[in-house]
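Novice: Residue numbers for the sequence shown follow the numbering used here, so the first one is 1 and each next one is one higher.
Fair warning: there could be bad hints in the mix.
As a list, the in silico DSBU-like pairs of lysine-lysine whose alpha-carbon atoms are at most 35 Å apart [said to hold, decoys possible]: (1) Lys204 with Lys80; (2) Lys155 with Lys11; (3) Lys98 with Lys80; (4) Lys120 with Lys29; (5) Lys155 with Lys298; (6) Lys147 with Lys120.
These are calculated hints, taken from the structure and not from any lab test.
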Amino acid sequence: MKIIANHPCTKCNNPAVVFQPYSGMYLCKEHLIDDVTRKVKRDIRKYNLSPGTVAVALSGGKDSSALLHLLHKIFAPSRKIRIIAITINEGISGYREKTIENASNLASDLEIPHTIVSFKDAFGRTLDDLMSESDRPPCSVCGALRKNLLNRTAKQLGASHLAIGHNLDDEAQTILINHLRGDIRRLVRLSHARVQPDLVPRIKPLRHVPESEVVAYAGAVGLSVCPKACPYMDEAYRFGVRIFLREFEDLHPGTRHGIVRGFDRMVGALGDAYPSASLVPCRVCGEPCTDGLCQACKMLDRD
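Based on the sequences and whatever the hints tell you, model everything.
Specialist: So this is what it looks like as structure tokens:
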């Protein structure tokens with residue numbers, strides 16, 4: 001873990017490992033862990049979770065691994081919320097093997113039930129197979145199939161909620177992208193406010209934790225994460241927004257928080273003007289969708 005040179009923790013005299021420009025605080029390892037845990041607990045309270053099962057979408061990367069570790073720490077003492085983990089094996093040769101190994105090891109260490117499901121078993125083809133025969137953007141194909149399979153598996157396992165490891169950077173980028181594209185309906189859907197039949201409600205406990213602090217938390221608690229990026233990651237539009245936000249955040253600390261805070265304040269009014277469409281079962285796979293054929297089946301050319 002990186003030590004911030006010559007800076008003690010704002011809350012004690014131990015060496016700082018993180019500086020928060022948006023708060024002006026330097027935090028040592030222990031106070032970083034406390035701060036991240038506090039933010040996650042605060043977000044969890046907003047969901048008013050009833051006793052039940054929360055499935056964590058566990059990729060084996062930094063965000064989902066940190067999320068599983070945090071939820072286990074928060075809920076294990078009460079036993080009112082049962083935590084399980086779901087890992088999707090998309091079938092990305094030379095990359096997915098290591099992250100799945102990390103996911104399996106973490107779930108085993110925490111004694112959390114862990115289910116691994118694959119594109120190959122569910123759809124008959126791996127992502128590598130699909131990309132060899134399609135010119136569609138890989139992230140669009142993967143995203144649609146992952147969403148379908150995560151929801152289907154969470155339902156089969158009796159999950160009351162599905163926890164996703166989207167951090168503050170992810171959330172701010174997605175909000176800004178939908179603003180720039182003028183896609184208000186998709187923007188409203190980010191809130192996941194409306195509970196729909198057969199769609200397991202999603203929660204995002206990391207949405208107020210910056211990516212850099214998720215990385216620092218993972219290091220502080222000794223999580224093993226794969227630093228290698230997905231070989232299909234090539235979303236030029238999102239990458240441009242990511243760079244812009246990072247540079248703007250450096251100049252104006254708190255920008256990401258402001259974007260998310262502004263979205264939370266206006267989403268209610270937007271929801272009144274752009275109500276969520278009622279979902280119907282996909283005529284091919286039965287998963288909920290808006291127009292009779294879900295995005296996963298469209299990507300697979302099923303009809």
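Novice: Now tell me, hint by hint, if it's right for this structure.
Specialist: Now for the hints, and whether the structure bears them out:
1. Restraint check for Lys204 and Lys80: the C-alpha separation of about 19 Å stays at or below 35 Å, so the hint holds.
2. This hinted pair does not check out: Lys155 and Lys11 have alpha carbons roughly 44 Å apart, beyond 35 Å.
3. At most 35 Å may separate the alpha-carbon atoms for a hinted pair to count; Lys98 and Lys80 meet this at roughly 32 Å.
4. Taking the CA atoms of Lys120 and Lys29, the gap is near 41 Å; set against the 35 Å cutoff, the hint is violated.
5. Proposed proximity of Lys155 and Lys298 is supported: the alpha carbons are some 22 Å apart, at most 35 Å.
6. With a CA separation close to 15 Å, the supplied pair Lys147 and Lys120 stays within the 35 Å bound.
Hint compliance for this structure: hints 2 and 4 are not met, and every other hint is.
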